[in-house]
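Under the working numbering, residues 231 to 542 are what the sequence shown spells out, in order.
Mixed in with the good hints there might be a few duds.
Distance condition first, Cα-Cα at most 30 Å in a straight line; then the derived DSS-like pairs of lysine-lysine [what the hints assert, rightly or not]:
no.	residue 1	residue 2
1	K323	K310
2	K497	K275
3	K323	K421
4	K309	K323
5	K367	K497
6	K280	K421
Across the chosen pairs, the derived CB separations fall in these ranges [stated by the list, open to error]:
no.	residue 1	residue 2	range
7	S282	W414	21 to 27 Å
8	E329	F386	23 to 29 Å
9	V325	E370	45 to 51 Å
10	E454	Y328	39 to 45 Å
11	W286	A410	22 to 28 Å
12	D339	P254	38 to 44 Å
Simulated from the structure, these hints should not be mistaken for laboratory data.
Even glycine gets a Cβ: it sits at the ideal position worked out from N, Cα and C.
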Amino acid sequence: TFFLMILSLCLVSSLSFAQEEAPPERLDPLQTITEIPSTSWKTLKVSFSKESILPWSIIIGSTALLYHYDADLFEDAQKKGRDWGIGNSENTKTVLEYEDIPLLRLPSDLGSTLYFLGDGWTHFSIAGGFFFTGLAKGQEYNRAYNTGLQIVHGMFVSTMFNQAIKRTTGRESPSERTEARGRWRPFPSVKAYQDHTSMYDAFPSGHVMTATLTFTVINENYPEYSYITVPLATTWVTLLGWQMMNNAVHWASDYPLAIAMGYVIGKQAVGMGKKLKPANSKDDKPSTETAQWHFFPSQFDGVPTLNLIKEF
């Protein structure tokens with residue numbers, strides 16, 4: 231696992247320094263926020279298009295199959311964790327906190343290192359590696375600069391969708407199970423979710439989604455390195471997924487939708503700042519125009535509001 235993380239750092243370093251003959255234009259860091267509506271809308275359009283029928287069939291079918299065997303797969307993962315000396319506990323340690331609120335938790339053993347493969351800090355660090363390399367090296371490294379911003383942007387968008395589904399489905403994590411495959415309590419109250427998060431947030435896996443998204447963005451920007459990024463991503467997500475069953479955070483059936491979300495949103499995040507081409511467009515060159523979404527403050531009955539306009 232440590233080798234895997236070191237390999238990923240080496241990969242980030244080597245890809246960050248990869249130059250291109252015609253560097254793309256630099257994105258504006260503010261677009262990671264202002265482009266959220268555009269990327270969200272494009273994600274929904276792609277997800278519910280006619281072309282998505284087959285992918286949805288695969289997602290639903292694989293989720294149903296894994297759900298049938300969830301209890302057995304969970305017990306087998308935990309048995310292997312004990313047999314291999316990893317244990318079944320989640321042993322990340324808080325190293326930075328503010329007023330008893332943990333801000334940074336780091337791994338302390340093999341099991342927590344595997345779990346950390348999906349942590350937001352890990353993927354923000356990967357994004358930072360690309361971004362700051364591009365920032366330091368100048369215009370010739372805009373691809374690295376943009377990759378870092380696109381990963382962060384994708385994480386913002388995917389978290390919104392992920393939280394919406396979690397708070398809709400309300401599935402128990404294995405650690406809190408009151409039924410063999412975890413009880414579903416749709417639409418828990420905000421207070422119930424905040425006070426007893428693991429009772430409601432199993433489906434889908436945010437860690438697996440984020441890991442998939444990160445590698446999708448990297449692979450889209452550096453397709454010439456797919457012979458490295460694809461096997462690394464597969465190994466990374468497999469180890470992460472197994473460990474989260476081993477430490478009773480997720481069920482196997484929490485993963486198919488998470489992988490699909492990471493892939494689709496990652497693909498859309500790479501298009502950050504670009505308009506969708508018209509269906510009758512004959513221009514094969516991708517548009518570099520920014521999507522015309524505008525935020526502006528206002529008031530309604532004396533209450534401050536934030537408004538959004540899309541310019542066609």
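Hint check results:
Annotation: proposed proximity of K323 to K310 holds, straight-line Cα distance about 23 Å (limit 30 Å). Distance check on the hinted pair: K497 and K275 sit about 13 Å apart at the alpha-carbon level, within 30 Å; holds. For the hint linking K323 to K421, the alpha-carbon distance of about 26 Å falls within 30 Å, and the restraint holds. Between K309 and K323 the CA atoms are separated by roughly 24 Å; this keeps the pair inside 30 Å, and the hint holds.
Between the alpha carbons of K367 and K497 the distance comes to roughly 26 Å, so the proposed pair stays at or under 30 Å and holds. Among the hinted pairs, K280 with K421 is inconsistent with the structure: their alpha-carbon atoms are about 38 Å apart, more than 30 Å. At about 24 Å, the CB distance of S282 to W414 agrees with the hint of 21 to 27 Å. Between E329 and F386 the C-beta distance comes to about 25 Å, which sits within the given range of 23 to 29 Å.
Between V325 and E370 the C-beta distance comes to about 37 Å, which lies outside the given range of 45 to 51 Å. Checking the proposed 39 to 45 Å range against E454 and Y328 shows it holds: the Cβ atoms sit about 43 Å from each other. W286 and A410 have their C-beta atoms about 27 Å apart, which keeps the hinted 22 to 28 Å range intact. As the Cβ distance of D339 to P254 is approximately 41 Å, the hint placing it in 38 to 44 Å holds.
Of the numbered hints listed earlier, those contradicted by the structure are 6 and 9.
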